[in-house]
Amino acid sequence: MFLATTLVGCAADEDDTGHTLTMDARLTTGDDGLLAFLSPSATIATHAPADVIGKPYYVGVFPAGFSSGNDPALFQVWGTVPESLAITTTTTPTFAPGPYDMVLVVYASTPITEAQLAFEEIPPAAAGGDLATFNLSSADVLPGDPDQALGTIRMNVADDDVAVEVENRTPADISDRDQTVASFEHTILIIP
Amino acid sequence: MTPTQIATALLLGLGLTACVDDPDGTATLDVPVDPATGLRLADLPPVPPLPEWPDNPPTEAKKELGRALFSDVRLSGSGQTVCGNCHLPTSAFQSGGPLDAPDRSFPAITPTLHRHTPSMLNLVYAPMARWDGSHFTDLPDMMVLPFAEPNMNLSMLDVSAGEALDVPAAQVNLQRRLTVEIPGYVPLFEAAFGEDITTLSPEQVWRLAGQAMAVYIRIAVSRDAAFDAWNAGDDDAISDAAKRGALLFTGKARCTLCHSGPLTSDFEFHNVSTSVPDASGARPDEGRFLVTGRDEDRGKFLTPMLRSAARTSPYLHDGSEASIARVIAHFSGPDGRADPLNELAMIPALTDDEIDDLVQFIKSLDGAPIPLEDLAPPTTLP
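For the protein sequence lines, the chains are L and E, in the order given.
Following my numbering, the numbering of the first sequence begins with 1 at its first residue and continues without gaps.
Following my numbering, the numbering of the second sequence begins with 193 at its first residue and continues without gaps.
Check before you lean on any hint, since a few could be wrong.
What the hints assert, rightly or not - Among the chain E residues that face chain L by a calculated CB cut under 10 Å, a handful are:
{"no.": "1", "residue": "273"}
{"no.": "2", "residue": "283"}
{"no.": "3", "residue": "514"}
{"no.": "4", "residue": "564"}
Everything labelled a hint here was simulated from the structure, so no lab data went into it.
The beta-carbon is built from N, C-alpha and C at its ideal position, and this holds for glycine as well.
Throw the hints in and build the complete structure from the sequences for me.
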């Protein structure tokens, strides 16, 4: 049973002389009351809000271009999706200037173990029905920086704290390529 | 790998260990380049140039046709998936998930396939593919085969059929989609192959589609890694940890028993205790046995290629391990001996530091980036 009803987190570096990263993730229902998501193949699938509320989510910050599963997080936190469907995560103020990759995964389908919640094991890969951040373009990757890892949002720290918004974007007309491509920016996808 | 090959490789591994005078695996990192090979570690040569295909010369028209076929949702059974759904070009041509839910999954999101989607990187060189080697004849046939499986489900298979395959039905359906339902493909095939696919048999259209997709997948190459630079003599190309890992990989840890050659695979099938039998003797997945019917092949799976493996988590045939370190720990620990048919007896126990070094070495096998314009979906579809 998932017990972490309050946020728990950790940061590898407790030095608080750096900047914070904030991800403001919002899940918005459509007129039909459902949460619609793009899949990687540009199809749309839905969840009822009840399928998502109360489910565990994971937010992690990694070195830019990290190797998923093989590089430790610089900051990570677990939580549960609230009824407001708004997930806002702010890291510790420990991030020096430079590029980072930030990920949100909502485990709507995949069960999470106590060991994973306790950071004794790394979170599982998102699987069918789970939700994850995604950004199609590489516009946020600055020249010379590593490629953006799959399922992440690039966060470039310079002189200030950094904040980004992501939401479950879907095109009004999925046959409109421009609309669809735009919906893949700073979005939350469903894993098919 | 035959017993003779294993014995030979074992001897080579021991020999290399002796050469670097490294009885405990903490090797000196000053490995000279062998003038004969131009390499420090001859077991891991660089990836060769792309193969030439006299019977299917690569052209831009074929590549772009293949890209369209790889990316066109209308070619799937339900009209809701593409090859890139599981083989994401921007994710080393795999999905990052343990098990993928293919075409048959919508609108429900189960069931998933029962094996992890392998990366397609360097598939263009591979003499064998698929976890159990099933249905492998050549690259064009393999590229188009998923249209006949539940993956793309152009055969409109009953979901309850599991891993069924209906190639003839898929061939008929593919030709109809390419000629009748989406006739814009006809001139693309004409431009690529000089053939009017409205006059060809379903089998012939199937083959041409596979050939175009094979040309497209030539973009999926992992080569020119930092390790290759070090192996050719650049002392500063990789970290000391990666160097130690490379020497462990080819020496004490004996990884090159199976992960050898430019592609880091022997393209053979091995039992490494990843599908262990229960009390009744049944395995969750019998692996290669399902193809050959030979008892000695139970629980065997194809040796995966390791170039850019740091980009292809999770690992193993069922996607059950999230990190390279856990995979290595499995191989070198008691879990790796859990299957009575396991082939890991010669792999020694490794310390956590040694495992870390091996992970750093495998990370150094990351290939040079593939140009983004190659990874992009087609700008337009016919």
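Verification of the supplied hints:
Of the supplied interface hints, the one on residue 273 of chain E holds, with its beta-carbon coming within about 5 Å of a beta-carbon of chain L, less than 10 Å. For residue 283 of chain E, the suggested interface contact is upheld, since its CB lies about 4 Å from the closest CB of chain L, less than 10 Å. Taking 10 Å as the C-beta cut-off, the interface hint given for residue 514 of chain E holds, the closest approach to chain L being about 4 Å. The closest approach between the C-beta of residue 564 of chain E and any C-beta of chain L is roughly 6 Å, which is under the 10 Å cut-off, so the hint is satisfied.
In the structure shown, no violation is registered for any of the earlier numbered hints.
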